[in-house]
Amino acid sequence: MRMQIHHLLRLGRPLIVAAALALSALLPWPAQAEMSLIRLTPEQYLRTIHDIFGLSIRVDDNKVEPGFRDEGLLAIGDRKLTVGSAELERYETLAQEIALQVVDAKHRPILLGCKPKAEDAADEACATQFISKVGLLLFRRPLTAAELQQYVSTHTRGAAQMHSFNTGLAAALSEMLVSPEFLFRVVRSTDEAAHPGTLQLDAYSRAARLSFFLWNATPDRELLAAAQSGRLMTAAGLQQQVDRLLDSPRLEDGMRTFFIDMLAFGGLDSDPGIDALSIDTGFYPKFTANVQADAEEQTLRTIVDHLLYKNKDYRDLFTTRDTFLTPALAALYDVPLPRQQELGGAVPWVPYHFSDSDPYIGLLTQVSFLSLHSHPGRSSPTRRGKALREIFLCQKVPPPPGNVDFSLVQNTSDPRYKTVRQRLTVHRNEPMCAGCHKIMDPIGLSFENFDTAAEYRRSENGAQIDASGDLSGKPFVGVQQLAQVIRDDPATTACLINRAFSYGTQRKPTAAEQSWLTRLQGQLSQSGVRWRDLMRDITLNPDFYTDVVPANYARTTSTLH
Amino acid sequence: MALSKGGVLRDGGIALGLGALFLLGASTGALAETRGYAISLIHTATYPGKDDCPQGGNGGNTEIQERILMRHGYTREQAERIVANEGKDDNGHRFNFEMRGQLDGHAVGIGDFPTSVPDPHIETVVGAGPGHFAYGFNLAGHPTPDSFEDPETHELVQNQMWRVLGCFAVYQVKHPVIPYNEAIAWDTAEDDMPAWLLSISGEDLRHDGDVTVTFDRSLDIAMRDTHGVLLAGSSYVIDSDPRSHSVFKGHIKDGVLTVEPGDFAMQGESQFYAVLRFKQTHLRLKLKPDGTLVGLIGGYQPWLDYYYYLAVRSEVTAQVDVPGTYYAMKRLADAFPDPSGQNTAISAAYYLEAVPAFLTSAAGKLVGTAYMSGGRAN
Amino acid sequence: MMGAIKNLSRRKVLRGMLGGAAVTVGLPLLECFLNENGTAYAATGKALTPCFGTWFFGLGLTPKLWVPKQTGNKYTLPDHIGVLAPLQAKMNLYGGMQVFLDGKVNQNHISGAQCQMTGIVTRTGTEYNTSFDTLIADQIGKRSRFRSLEVDCMGDRRGSWSARGDNGKSPAEISPLALYQRIFGPEFRDPNAAHFVPDPAVMLRHSVLSAVSEQRQALTQQVSAWDRARLDEYFSSVRDLEQKLQVELEKPAPLPACTVPQKEEEPDIGQLIDQVSKVNRQFAQLIAHALACGQTQVFNVSRGSSLSPLRERGQTSGYHQMTHEEPIDATLGYQIKCKWYAEQQMAMLRDFVQTLDSIREGDGTLLDRTVVYAFTDHGEARLHSMKDYMAFTFGSGGGRMKTGYYLADEGGAATRVGLTIMQAFGLPNSDAWGTETNHVVKPFSEVLVAA
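These protein sequence lines are chains A, B and C, in that order. So for the first sequence, this note's numbering puts the first residue at 49; every next one is plus one. So for the second sequence, this note's numbering puts the first residue at 713; every next one is plus one. So for the third sequence, this note's numbering puts the first residue at 32; every next one is plus one.
Source of the hints: derived by calculation from the structure; they are not laboratory data. Note that CB positions come from ideal geometry on N, CA and C, so glycine has one too. A hint or two may mislead.
Said to hold, decoys possible - Partner residues aside, some chain C positions facing chain A, computed with beta carbon under 8 Å: (1) His237; (2) Gly349; (3) Lys368.
Claimed, not checked - Below, in silico cross-link-like pairs of lysine-lysine (DSS-like), each with a Cα-Cα straight-line distance of 27 Å or less: (4) Lys135/C x Lys444/A; (5) Lys309/C x Lys368/C; (6) Lys95/C x Lys486/A; (7) Lys111/A x Lys294/C; (8) Lys309/C x Lys111/A; (9) Lys1042/B x Lys961/B; (10) Lys444/A x Lys486/A; (11) Lys556/A x Lys473/C; (12) Lys418/C x Lys473/C; (13) Lys965/B x Lys998/B; (14) Lys800/B x Lys886/B; (15) Lys556/A x Lys111/A; (16) Lys1042/B x Lys1000/B; (17) Lys368/C x Lys433/C; (18) Lys961/B x Lys886/B; (19) Lys991/B x Lys961/B; (20) Lys135/C x Lys128/A; (21) Lys886/B x Lys1000/B.
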């Protein structure tokens, strides 16, 4: 008991201490402090450095560990990542480079906030001032007295050894930059007996969760102050911060990061990420490097414009004719793109509206979807069907069974399997294959008018593509109808809402949370699935600021009751 | 009809989709179609023959430089040694090929002052009449003593430019090989120069009939596809500058487009053609099923235009004897005499290729569509 | 001969030959530095440290075509793997092995490789345990600048099969240029340099890391039980980095076979065979030089994670697709294109191993004191089969393994190869390895050298 109070005091949360004391008076099982670690992503690292020290600080390549997808999101996979040897090696080098820039002649007048008494020796006063200011921002909470002392003494040692105040200060800063308190987002919570197995995040952890969710950024000073004062733990205080963050243009950053994760632009199973896309350009000469570079941005711009600037319904993203194009994309989609462009000037993004007779409709016919889930040299209905289900409907498609006997499809005396369609017919007729392929191939076939490079092609040789299928009982023929079916399917909305909640909490929803999410889906389906509304609803829900004790670590209930 | 779809065009505003395709030119109110193109390749139309140069031809840079040295007094052996030694003689003294002209006692560049050296009498292509081939057009309207036979149409045509150039090794290549000096120039220009455009308007371009052919320059630089050729289906804004605007009455018959002779002019960029001009322009373009155009453009070209093109590139890059070419062009020019009687234009023919492109006006109006087989435009 | 130059100290020789300048030209390993059999430094009697590495190739080989007709150390190498002929004497081939799923889902292209590297087949594709190369690194690589090096030749950072701890695979370096900078860049201390001065900036960095290390106990007490292992790994990384800087602060022992490789232009990184082959060769050079210069003892090389999207320029389908879609030729009885792809990978394997073999050390080569373990994900890729696995080892690890053998198991667990290697390196607790039916206690003793 004593130890726990001391523990809590050290972490500096007077409010929680009071609450804990009060609770512990009522309940026999004491609240237990927990500390979880979530690794900072390379993007978050970069943004944090720039947010704190300014954009002029150069940060070189830090994408050592690309992360992995768990339960459909990289954000959830991040919980399982640590900082390995190669990664720490890189981060230590970066820490040096960043720290040296911060104390260089150009930056220190702006960033340090104080001048040392002498350039060639330690100055503890100035160092303390800088370190505590920066520490708050780097660790997303105030430094403890012990931590402050630790870093100041590094400064003093370093300054003495190298006869330079600045070098000593850089050493202290680099120590903070490799600290687990920086490289990980430390989530401090308490497991209160009132909600066994559910962890309540402390104020600073709430600030961080809110900030990374809405802006994908480290909490700014105002948010940290709200945490420090305890305002963030009140409903009114929370609402104030949520509204502030939702009103900011930085909401776009958070949205982009979320959709890059949800839409699997970094890769999905055997489908490579956009960066690693290897479409055989010998077959698809229009799929130039410009197209590859523009593909992700086209989709993100479409989404941001639709959800953020026009405040439209998410479901309409599947049927919208509005998008943005560059000349390279326009040539690929076979449409004219009148534009104002200076000779040799920057390539513009031009708002474009496809007409009703154009085959391009919604997100599903954009390059970022069609090409990402294809083979390098030809289209893949199966991969597209699988991707559609997994990404937009949150449905899991089981992996192909091991030890499948493919000799059935490779009977050489009957070489029927020369076309995509023929091969997939076997998929659908063979009982052992049909179960899964039935739910993927028909969807994918409706996309067959779009080749690997997302170019539209008419059927050749007069062969009619059977692009009919059904989705959850709703039939469709062709991609235009499919888009409408997807739009109207409740699973589409449910999937977005689930993903958003899971992304922000970086875990799967609990059963209780799932019920709430289902209710939310019902509400938003009526009122309109709008991004700000969804964000607001999620971030004002107290459950958003909880974590769960993993199953095999759950403590048994108290026997004293 | 089409603009009623409500696509109001603002600054970078919403562009219309394919639903609003068919515009332009149809003052009769009949359904009209305009197809747009960007020129993807243009070079001298070559057709080397075994007997063109009985004296052996002018050769390439090595032979050209050896002859220059010999005209300056070196023996053949000395000339060969100097050329093999990067232009340096036995004393280490480097012969300045570019500045070998003499004017008023000063050394001058032979590109700017071709007459500062005597006429070296380069070899020119011999032979005329049937059986002596060169691409071209019957510009004179009747056979002339120096006509060639066109290898495709078998018409008797005039191409005095070919006479001038055809004995230099660099031009003794056959399509699809391109004269190296022109290939390099085009390749470089493609990425930096505003694209050259053309459009064909008619009632229904899938059938024979009368058309209007318009050339323009673009405000945009061409884009390449992954094979390195011009990207089909790109969009280009038309430069309204009249200096590059040429209109012709034309006719499509059996899939081949020809025009009534007229004036042609297109602004280019230095290192490539600064300007490409023809009088009595003729055109012969095949409309291929995949939408590209292939064929010939020609006419009477001011010969100084092409001379400057070579001179600017310098002798070594152009791979010709530059003053020699000047003298030969001056001598063989065959049209548009100046008051002194010197012909200012020379008959010439160029190979031309174009890929489908969307053409838009600066105001954002779609003017020509990219017609490609398999594309949605058909 | 030996007697005459025995009295020369290393220092004298180097100074005399080079005037005190740093060595950048390779010297043959002078006999006076070695003992009688050329295996150790005379001065210290320390044996040259052995090395270990893995080389993963996806999608196996064409079934039956790679199987020699004889077993033992006098077998004829079949044509399908004929490119390895120059290395046959230094190679062992293992066949007839299995990976057991014990009722779990076959995570195609993952479970097989996972089992051979970690001894465990997990339920889901996202779990991964400590791989045995890290155990060997703990044994032989503790004093190295880099604990181990992981590279992928196809631009896939998730391509490696190495993992320390249970928190996921180590990321792989995909850029040869970046690896060059890491190893031979400004922080490289040439072991053959005549002069050495510890860099005070490095000393400061080292002391900063020590201060971070000191937080270990306090933080470990605070962190929740379920994240303790991950925090542990973070601190292991800190320790590795301290080790690295420590090495950079000490004068390294001379290694006459060490030369700094040429800095080559960054190649095209992609999935086409010619690209992958080139990257493989560049990484081979870097790794060979890194080993010869004592920068690391352990390495892992892969070519894309599992699915091997290897592709031939101009083909619409890649290797993996072909394994499932190419019909078996009626006359020949195998998939023609797939066989060709498999042989391309064998050629890359040969390139890699020969690069190690090309660095002379005494009367042997770098390969002689290395063991390279080449393994694959499926016995028969077409069927995602977990049977009929083949694997290779090259090199004897400095006499720790016999070579030149073909060993045909009869359905035993493929983890036997890993066990054999661990025992060869004398790892403690290597009497057994692996879990469930992949648990093995019997190594391939034919190739082990009696202790």
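Status of the hints after comparison with the structure:
1. His237: violated, 11 Å
2. Gly349: OK, holds: glycine 349/C within 8 Å of chain A, min 6 Å.
3. Lys368: violated, 13 Å
4. Lys135/C x Lys444/A: holds, 18 Å
5. Lys309/C x Lys368/C: Holds: lysine 309/C and lysine 368/C sit about 21 Å apart, inside 27 Å.
6. Lys95/C x Lys486/A: violated, 35 Å
7. Lys111/A x Lys294/C: holds, 23 Å
8. Lys309/C x Lys111/A: holds, 23 Å
9. Lys1042/B x Lys961/B: violated, 32 Å
10. Lys444/A x Lys486/A: holds, 14 Å
11. Lys556/A x Lys473/C: violated, 43 Å
12. Lys418/C x Lys473/C: holds, 19 Å
13. Lys965/B x Lys998/B: holds, 10 Å
14. Lys800/B x Lys886/B: violated, 35 Å
15. Lys556/A x Lys111/A: Cα-Cα ~26 Å, so holds.
16. Lys1042/B x Lys1000/B: violated, 38 Å
17. Lys368/C x Lys433/C: violated, 35 Å
18. Lys961/B x Lys886/B: Distance of about 31 Å is beyond 27 Å: violated.
19. Lys991/B x Lys961/B: holds, 15 Å
20. Lys135/C x Lys128/A: holds, 22 Å
21. Lys886/B x Lys1000/B: holds, 21 Å
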